[in-house]
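Please model the entire structure based on the sequences and the hints provided.
As given, the protein sequences belong to chains A and B, one line each in that order. If you use this note's numbering, the first sequence corresponds to residues 1 to 268, in order. If you use this note's numbering, the second sequence corresponds to residues 1 to 268, in order.
Check each hint, because a few of them may be wrong.
Intra- or inter-copy, both count: the list cannot distinguish identical chains.
The calculated lysine to any residue pairs, modelled on SDA-like cross-linking and capped at a C-alpha distance of 20 Å, are [unchecked claim]: (1) 106 with 25; (2) 76 with 125; (3) 70 with 113; (4) 170 with 155; (5) 70 with 111; (6) 27 with 99; (7) 106 with 73; (8) 34 with 24; (9) 27 with 102; (10) 14 with 246; (11) 170 with 158; (12) 51 with 76; (13) 106 with 28; (14) 106 with 132; (15) 167 with 155; (16) 70 with 80; (17) 106 with 37.
Quick caveat, the hints were computed from the structure, so don't treat them as lab data.
2 protein chains.
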Amino acid sequence: MTRNELVEAIRSKKTFLCVGLDPDPQKIPESIRKLDNPLFEFNKRIIDATKDYCVAYKPNTAFYESQGAKGWEALKKTRSYIGDSHFTIADAKRGDIGNTSSMYAKAFFEDLNYDSVTVAPYMGSDSVQPFLAHDNRWVILLALTSNRGADDFQFFSAKDGERLFEKVLKTSQKWGSNENMMYVVGATRPEKLKEIRALAPNYFLLVPGVGAQGGDLKAVCEYGMNHDVGLLINSSRGIIHASSEDDFDMAAREAAKRIAQQMNEILS
Amino acid sequence: MTRNELVEAIRSKKTFLCVGLDPDPQKIPESIRKLDNPLFEFNKRIIDATKDYCVAYKPNTAFYESQGAKGWEALKKTRSYIGDSHFTIADAKRGDIGNTSSMYAKAFFEDLNYDSVTVAPYMGSDSVQPFLAHDNRWVILLALTSNRGADDFQFFSAKDGERLFEKVLKTSQKWGSNENMMYVVGATRPEKLKEIRALAPNYFLLVPGVGAQGGDLKAVCEYGMNHDVGLLINSSRGIIHASSEDDFDMAAREAAKRIAQQMNEILS
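What follows is the structure, given as structure tokens:
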């Protein structure tokens with residue numbers, strides 16, 4: 001999906017919600033757990049229930065890898081099931097030396113066919129560029145994450161006061177453009193979004209941490225929105241595990257709808 | 001495998017070679033490519049041929065993920081085939097928020113049963129600690145990598161001259177010990193090993209980059225060895241793809257033997 005197509009989807013659906021498909025096996029209802037591929041069956045019902053209220057889906061690969069080869073199959077089947085109506089994010093936080101990142105790009109863009117993959121910046125340019133070499137695919141680079149551990153290194157600051165996350169934002173813009181790169185910025189630090197917007201005014205930001213992690217939607221929009229909206233706000237547990245009973249899909253639909261309505265108001 | 005067991009294996013076999021199991025599908029001979037699970041069949045022959053000359057095996061997950069669910073199966077079968085005689089490293093460079101890192105730990109330590117996993121430090125303490133919560137398993141944290149992109153952020157330096165890789169080395173020692181944590185330090189920067197040894201004298205270092213990436217074994221040992229040897233030196237392409245013909249296993253054996261002989265001399 002191109003940047004224009006994504007902006008168009010957001011404008012027409014009046015939502016910039018991304019649903020995080022991170023199914024915790026313990027919270028999947030018994031009736032689904034009995035099926036041949038529970039992760040995929042769970043996702044199918046979640047996608048059917050939420051697709052009107054979101055523009056993107058983001059499976060986190062950890063939840064699939066913990067289920068072995070069957071989980072990896074679910075990651076692929078889930079991508080196919082979503083189709084081309086939504087932006088797809090493989091939340092994988094990969095990154096390795098060049099020939100290895102090329103293999104990851106092959107895995108996520110060619111074999112699994114995701115629009116985008118999240119990448120960790122620690123290993124620098126040649127760990128990121130192999131992903132950017134694929135036409136019409138995106139890198140979503142970690143800048144400032146939502147967890148408390150972000151304080152350990154992301155705020156590490158240089159002589160001139162520049163902090164690591166700022167350095168990542170500045171340096172990486174030499175590698176890609178706002179047509180093939182986005183940044184991860186946690187919703188738990190909305191006040192930082194203002195500083196990040198100053199450094200990357202035209203980039204989309206993927207913002208996790210609304211919901212279970214405590215981030216505030218309005219504050220994120222106030223500081224983070226740009227003229228193209230420029231935000232994909234992710235909620236995972238708060239939507240997909242709103243209920244752990246057989247009505248989980250309808251509960252997910254209601255949870256997604258509530259957020260989408262808030263987004264609609266903000267956009268109006 | 002515990003630290004003592006690893007040191008004992010190194011002392012008795014007089015080698016500290018780690019063979020990187022990163023099979024490039026293009027370089028696997030036709031006779032193997034025809035089989036049901038080529039990556040696993042290739043690895044079996046490599047393991048049989050090299051096991052006397054190494055103490056560790058390190059599959060890089062990218063090469064398996066690029067082959068889909070079948071690749072993931074190969075990662076698991078390869079681990080079983082290695083058995084408990086060698087230290088096993090899932091070179092996955094993972095790292096995510098706490099509940100997600102827990103899922104990765106489950107995938108690599110419980111489902112796949114690897115002794116260790118490589119982890120990227122960018123997201124800080126709570127992205128690393130879930131791996132350390134598993135008894136008798138190891139985190140191998142990226143400190144200073146072998147690629148040129150390492151210059152982009154790993155040398156980012158603070159007011160007092162401290163660089164990011166040093167900050168990572170210092171901070172992370174509060175999370176684990178030399179019984180459950182190692183560091184990745186690229187062989188392409190042997191002179192830096194001296195500085196790293198000053199900061200982490202008793203930790204094992206996993207050193208990639210000898211061979212195809214140009215690192216020099218003697219220089220690495222001169223600067224990086226400690227009283228317990230403290231080094232696992234990895235070679236991947238230089239061993240497993242020494243030949244792309246049907247004699248690949250014997251060529252791998254010769255390549256591994258040559259490095260092991262150099263190591264034997266250094267240890268004597």
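We went through each hint and held it up to the structure:
Taking the shortest alpha-carbon separations for residue 106 and residue 25, only the inter-copy value of 12 Å comes in at or below 20 Å, while the best intra-copy value is 28 Å. Taking CA atoms no more than 20 Å apart as the test, residue 76 paired with residue 125 passes in neither setting, with 28 Å inside one copy and 31 Å between copies. When the C-alpha separation of residue 70 and residue 113 is checked against a cutoff of 20 Å, the pair qualifies both within a copy, at 18 Å, and between copies, at 17 Å. Proximity of residue 170 to residue 155 under the C-alpha cut-off of 20 Å is found in both arrangements, the shortest distances being 15 Å within a copy and 16 Å between copies.
For the identical chains of this complex, residue 70 and residue 111 are neighbours both inside a copy (15 Å) and across copies (12 Å), given an alpha-carbon limit of 20 Å. Taking the shortest Cα distances, residue 27 and residue 99 sit within 20 Å of each other only across copies (14 Å), while inside one copy they are farther apart (38 Å). When the C-alpha separation of residue 106 and residue 73 is checked against a cutoff of 20 Å, the pair qualifies both within a copy, at 16 Å, and between copies, at 18 Å. Taking the closest pair of Cα atoms, residue 34 and residue 24 come within 20 Å of each other only inside a single copy of the chain (15 Å); across copies the shortest separation is 37 Å, beyond that limit.
When the C-alpha separation of residue 27 and residue 102 is checked against a cutoff of 20 Å, the pair qualifies only between copies, where the shortest distance is 16 Å, while the shortest distance within a copy is 35 Å. For the identical chains of this complex, residue 14 and residue 246 are neighbours neither inside a copy (29 Å) nor across copies (59 Å), given an alpha-carbon limit of 20 Å. For the homomeric pair residue 170 and residue 158, the shortest alpha-carbon distances inside one copy (14 Å) and between copies (17 Å) are both at most 20 Å. For the homomeric pair residue 51 and residue 76, the shortest alpha-carbon distance inside one copy (18 Å) is at most 20 Å, but the shortest distance between copies (35 Å) is not.
With identical chains, the CA atoms of residue 106 and residue 28 are at most 20 Å apart between copies only, with a shortest distance of 17 Å across copies and 31 Å within one. In this homomeric assembly, residue 106 and residue 132 come within 20 Å of each other (Cα to Cα) only inside a single copy, at 12 Å, whereas the closest approach across copies is 30 Å. In this assembly of identical chains, residue 167 and residue 155 lie within 20 Å of each other by CA distance both inside one copy and across copies; the values are 10 Å within and 12 Å between. Proximity of residue 70 to residue 80 under the C-alpha cut-off of 20 Å is found in both arrangements, the shortest distances being 15 Å within a copy and 18 Å between copies.
Taking CA atoms no more than 20 Å apart as the test, residue 106 paired with residue 37 passes between copies only; the shortest distance there is 19 Å, against 24 Å inside one copy.
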